[in-house]
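Undergrad: Just need the whole structure built from these sequences, with the hints factored in.
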Amino acid sequence: YEGQDPIHLELSVADAQAEIRYTTDYTTPTMNNGAVYDSPIEISVNTTIRAIAFKEGFGPSWVETHTYFFSLTDDQKSLPIMVVVTDPENLDGPEGLRTGNNPLERGRLWERPVSMEYFNLQSPDGDQVDAGMRVHGGVLRTRAKKAYRLYFREDYGDPELTFLPIPGTPVQSFKRIVLRAGAQDTNPFVHDELSRRTYGNMGQVTSHGTFVQLFINDEYWVTYNPVERYDEYFFDSYLEGGLDWDIIRQSGLSGGDLVEWNKLLDLVSTQDLSNPDRYREATRLLDVVNFADYLLLNNYAGMEDWPNNNWTAARLREPGSRFRFYVWDAEQSYSLKNPNYHNVLESDLDQLNDPIALIYRGLKVNPDFRAVMAARFRKHFYEGGALTDDVVMKFFLDLRYEVRNAVKNMLTRIPAFWIPGR
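Using the numbering used here, the letters of the sequence shown correspond one by one to residues 9 to 430.
None of these hints come from the bench; they were simulated from the model.
In silico lysine to aspartate or glutamate, EDC-like type, Cα no more than 20 Å apart, as pairs: (1) 372 / 274; (2) 387 / 376; (3) 183 / 135; (4) 416 / 82; (5) 154 / 97; (6) 402 / 391; (7) 153 / 95; (8) 154 / 95; (9) 85 / 410; (10) 387 / 295; (11) 85 / 226; (12) 154 / 113; (13) 372 / 362; (14) 183 / 125; (15) 372 / 289.
Everything numeric in this text was worked out from a predicted model, so none of it was measured.
TA: Right under this line is the structure:
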């Protein structure tokens with residue numbers, strides 16, 4: 009709810025013998041915590057109501073959580089609103105997600121139950137769902153504005169998120185969502201989204217995202233970028249085949265095993281791929297068209313903190329499947345850190361010993377792979393291709409319009425310098 013006039017909130021339960029207890033301090037109601045509901049609740053300031061029905065001899069109902077806003081600013085209303093609510097102990101208690109070095113912890117033990125609400129003031133889109141939340145990311149986990157992951161499971165109620173409108177995706181339900189904080193791209197805040205949308209326009213499978221203004225327990229954390237997470241559920245949704253995938257990230261194995269991945273790395277590192285037979289072996293392990301597009305986009309964007317970091321590769325665990333690469337965390341791009349052109353080829357791909365650089369150097373000695381690169385270059389950089397100036401500019405301008413009132417004084421580096429300079 010968002011409005012100006014006070015409201016009188018009525019709570020009800022089908023069983024007249026059940027007792028409703030509610031809280032306004034974000035804690036979960038219990039038989040010993042919260043007020044007994046006996047008359048409509050007057051609400052005139054920003055308030056979160058959490059309510060549970062209790063009946064002797066029965067287990068409690070699911071907790072219902074709803075937030076009511078009365079004093080949103082124009083900036084806060086410039087994008088759809090997402091509200092995460094949880095017991096304050098889950099955030100700042102001894103085992104809280106934000107306490108001390110706790111943000112560095114990982115895994116299910118460091119997942120906390122939350123309510124997530126989404127509503128768009130310009131449309132009827134919106135609803136509430138319970139989920140699990142973890143801190144997300146790498147070295148920036150201890151920053152005040154953190155990235156988070158939301159996990160949707162039957163343990164919390166609904167097994168999937170079904171009401172978040174994400175542009176461009178054919179998928180209607182999500183098992184996991186990453187709330188990207190833009191830690192290294194506060195302005196213009198669109199680098200990662202621009203890169204992923206461009207990758208999709210190149211014909212590659214990619215994660216999609218949107219923008220929201222995020223509140224956590226009624227505390228305003230400004231703009232976030234909710235996106236699909238690359239995991240077995242994502243790959244099954246887009247590529248089908250089930251949930252059995254080898255998923256490799258810069259940090260190591262994330263799903264499946266390393267058998268086929270190690271075969272690929274061994275092949276490109278120890279064999280001469282100018283030999284047609286060895287190259288054919290590589291193409292049975294790696295989708296070289298996908299890899300060519302992946303290289304072209306990262307080179308076009310002058311991607312920093314890559315290829316040693318920020319990448320995902322995956323394959324379905326069945327005979328004949330090949331690894332494909334997926335763009336992720338492209339915040340340090342488009343000259344964000346370096347005002348001059350960052351030569352990805354000379355600085356990174358020709359120098360580093362990380363997997364992507366090793367694969368590139370192994371493949372580039374083969375004329376067939378160079379022909380693939382040339383063909384994909386021709387496709388994307390000419391005649392209205394995905395990396396031509398007009399096409400990239402349109403994607404950027406669409407994103408700029410989307411966040412126009414949320415990101416003030418947006419930097420003009422991309423349209424004024426980067427796109428025409430490429």
